[in-house]
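Trainee: Okay, here's what each chain looks like letter by letter:
2 protein chains.
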Amino acid sequence: MSDKAIGIGLIGLGTVGGGVGKLLTEQANLFAQRLGRPVELRRVLVRTQDLAAAKASKLVPAALLTDDAEDFFKQDTAIVVELAGGVNPMRQFVSRALESGRHVVTANKSLLAKHGPELFALARKHNVSIAFEASCAGGIPIIYTLQFSLLSNRVHGLYGILNGTCNYILTQMTRHNQPYDTALDAAQKLGYAEADPTLDVSGADAAQKLSILASLAFGTRIVGEQVPCEGIDKLELADIGFGKEMGYDVKLLGIAERGDDGKVSVGVRPCFLRADDLLADVTGPFNAISVLSDALGHSLYYGAGAGRMPTASAVVSDILNIASGWYPQAFAQLRLTPDLHEPAALLPAEQLVSRFYLRVNAMDLPGTMAQVTTALAEHEISISAVMQHERNEGQHVPVVVITHEVAQGDLNAAMAKIAGLDCIAGRPVVIRIVDLPH
Amino acid sequence: MSDKAIGIGLIGLGTVGGGVGKLLTEQANLFAQRLGRPVELRRVLVRTQDLAAAKASKLVPAALLTDDAEDFFKQDTAIVVELAGGVNPMRQFVSRALESGRHVVTANKSLLAKHGPELFALARKHNVSIAFEASCAGGIPIIYTLQFSLLSNRVHGLYGILNGTCNYILTQMTRHNQPYDTALDAAQKLGYAEADPTLDVSGADAAQKLSILASLAFGTRIVGEQVPCEGIDKLELADIGFGKEMGYDVKLLGIAERGDDGKVSVGVRPCFLRADDLLADVTGPFNAISVLSDALGHSLYYGAGAGRMPTASAVVSDILNIASGWYPQAFAQLRLTPDLHEPAALLPAEQLVSRFYLRVNAMDLPGTMAQVTTALAEHEISISAVMQHERNEGQHVPVVVITHEVAQGDLNAAMAKIAGLDCIAGRPVVIRIVDLPH
Chain A
1 MSDKAIGIGL
11 IGLGTVGGGV
21 GKLLTEQANL
31 FAQRLGRPVE
41 LRRVLVRTQD
51 LAAAKASKLV
61 PAALLTDDAE
71 DFFKQDTAIV
81 VELAGGVNPM
91 RQFVSRALES
101 GRHVVTANKS
111 LLAKHGPELF
121 ALARKHNVSI
131 AFEASCAGGI
141 PIIYTLQFSL
151 LSNRVHGLYG
161 ILNGTCNYIL
171 TQMTRHNQPY
181 DTALDAAQKL
191 GYAEADPTLD
201 VSGADAAQKL
211 SILASLAFGT
221 RIVGEQVPCE
231 GIDKLELADI
241 GFGKEMGYDV
251 KLLGIAERGD
261 DGKVSVGVRP
271 CFLRADDLLA
281 DVTGPFNAIS
291 VLSDALGHSL
301 YYGAGAGRMP
311 TASAVVSDIL
321 NIASGWYPQA
331 FAQLRLTPDL
341 HEPAALLPAE
351 QLVSRFYLRV
361 NAMDLPGTMA
371 QVTTALAEHE
381 ISISAVMQHE
391 RNEGQHVPVV
401 VITHEVAQGD
411 LNAAMAKIAG
421 LDCIAGRPVV
431 IRIVDLPH
Chain B
1 MSDKAIGIGL
11 IGLGTVGGGV
21 GKLLTEQANL
31 FAQRLGRPVE
41 LRRVLVRTQD
51 LAAAKASKLV
61 PAALLTDDAE
71 DFFKQDTAIV
81 VELAGGVNPM
91 RQFVSRALES
101 GRHVVTANKS
111 LLAKHGPELF
121 ALARKHNVSI
131 AFEASCAGGI
141 PIIYTLQFSL
151 LSNRVHGLYG
161 ILNGTCNYIL
171 TQMTRHNQPY
181 DTALDAAQKL
191 GYAEADPTLD
201 VSGADAAQKL
211 SILASLAFGT
221 RIVGEQVPCE
231 GIDKLELADI
241 GFGKEMGYDV
251 KLLGIAERGD
261 DGKVSVGVRP
271 CFLRADDLLA
281 DVTGPFNAIS
291 VLSDALGHSL
301 YYGAGAGRMP
311 TASAVVSDIL
321 NIASGWYPQA
331 FAQLRLTPDL
341 HEPAALLPAE
351 QLVSRFYLRV
361 NAMDLPGTMA
371 QVTTALAEHE
381 ISISAVMQHE
391 RNEGQHVPVV
401 VITHEVAQGD
411 LNAAMAKIAG
421 LDCIAGRPVV
431 IRIVDLPH
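Chains as they are written, first to last, in this note's numbering: chain A, 1 to 438; chain B, 1 to 438.
Keep in mind the hints are simulated off the structure, nothing from the lab. Keep in mind that the hints are not guaranteed to be accurate.
For identical chains, the list gives no copy identity; a pair is met inside one copy or between any two copies.
With a Cα cut of at most 27 Å, we get these calculated DSS-like pairs of lysine-lysine [to be verified]: (1) 22 to 263; (2) 4 to 125; (3) 4 to 22.
Given only the sequences and the hints, what does the whole structure look like? Please build it.
Mentor: Rendered as structure tokens:
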């Protein structure tokens, strides 16, 4: 590469886009020194309805702003940075950038979770690259780690706290005994949760990220909609409390595992972790990912999974690494991205084997415990621990069971039977227990 | 790069070398698929006195083994992997590899801590690269993270558990109340500590690693002997216990910090961390590094810092990343390694500002506490907490003081005065308290 400045076009000047503009401006000298050539922001494309506010924000010089895509793509830019989010029209903008021979940096998890393979293939066709470190877990370098640092490893499992909003809410519930609604309210007041928090608390956001991470970790192809997810909005303080008594903390985990048969299991759900697991100590709006791989064993990556500057950190590193020429070389040479791989053979959910926490509300009558444990025994589910507290009032007592390893299908069948027992009231609760190496 | 096999020469077939041989052999197909070309181990150089044992080990085909450096360098190899360790003759072998146009992968921290700048410059001169992920913290990708993932960041501080032997011993002392000698004995029985554990327990090993990491983190040049170190062999269970009562856990930390004035402070010493800090939860022979940087904030990297396969993981990833062509491109283009930077302006140790834990053994007499606190006040050291337990026997009571932030030079002066007081017996204990963001 030459010593002349490399031109950058930026799409979107929201939270992260503003941070990227700020970093590129404030640290221009540092970056030019590290890279051996300057990086120059040449155009920022925003929606017409956002143009006035973008000019007023002073995040980038007003002369750089445009709401005209033709003007944007006319500029001399080598890298387009897409931070507007959403599938459309970003799919078109990213495609156009690649087709015009520009590299793309994106934080757009929903676009990559849905159209990643198509876009990676398009980049290859036009001899450019897509860098996407900021699409998963903000500034944590998990994408580079999976691609380059673990290149010598086969990954067996990936366990991620991938949504800071949920982790903040669960921290409030777990450590401060706040019910879900109170904790959500606090998250919204602090700006950790949107006014409509559905995408976060449903687990859908984490599922998109997990599809990207699992595709890289296993050298396969998984799209977001293949990842089943269960959110945190049904979690009750009672179960968090019983878990604690038994030495477990609850986390919303995105889990991807590959068995010896090559079958891949993916899913997002609240899980119990041993309270002394490092992931259990990840509190507040932070993210962390534990990776189990054959050569390295257990490794963990922790940091800010969202926010202006942490996400801009990943975006700008991607820009600089593309500008240096090494990232495009790695993208072209190494066979890592999902366009180069077959769709994953997914393990049917009912075949997932794990330990589980179960809780039912049972009548405080003779024989109740026998009926529950008999139903479990009929499905060959063996019990590791049972907890039933004395109750002074009311007729229902919570019965908590910790199982040994069991197939989820067998467990579901047993729980359906248990839910139908006369002595059981309400919805049984099932939470996966994840045993990571100590 | 072409599709033909890339030849590898390996120096040393010890613990890590054996793991590299095993990985390259067992995963040859996987690596060829990821890389688009095969990687082939073509020669393994061992010392004459190790040749028979290396042949008997079956770790690599006997035909690959040689004790003849001329034979080794005659082979068609593009990458030399140096895993024998020690400064000499490895300095000569690595130089010869570079001079003959071969890239080098090394895990040799003592060589890089002493001669890194000279060797990086030599690599540049011959248009090849040195990859050294395995030189610090085994398989944890801290070198790639500092170089590539944090390329957009200014690092302010780096806090590392960089020696698994010490961390195992401290875990035994802290969690199982074992005195130092018992814990060291356990570490030796498990193979975590050498028969002569000096290099580990003195902090010297961590200091070498810290010099490499600090050079990268701050874009400067620091050699191993510039890093002051204090080991764990003088630590007493009493102080670990008092720390616990006050909410602190002890860890041997390698700390590198850069002030706003650009001055760099480096050192390895036992430190107290808040018990709820993630680093405090890193137990057993594991390593972890917390990094504070301007854009990303606090991030942490955890994993196995030693051992055959974890270290081989980093070595083989380096081999594959060189073979793909991207690492040499990054090495050539980005201005990251210490050969390109000036020697660091080091902060004099007495100017280091921190909180400290102090413990003196005082006579249980009226006025003792007043003399101690007066000596501190005379040096303008303000006290955050004091703890003095009642004692039923003997005439000495341990007085524990937690200071506010103070310059180490002032503290040393005050402690010298206190140690000389008639009412004080034995050696005062001073342990740095490190407050990482929560």
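Trainee: With reference to the structure, classify each hint as holding or not holding.
Mentor: Consistency of the hints with the structure:
In this assembly of identical chains, residue 22 and residue 263 lie within 27 Å of each other by CA distance solely across copies; the values are 25 Å between and 44 Å within a copy. With identical chains, the CA atoms of residue 4 and residue 125 are at most 27 Å apart both within one copy (26 Å) and between copies (23 Å). Taking the shortest Cα distances, residue 4 and residue 22 sit within 27 Å of each other inside one copy (21 Å), while across copies they are farther apart (45 Å).
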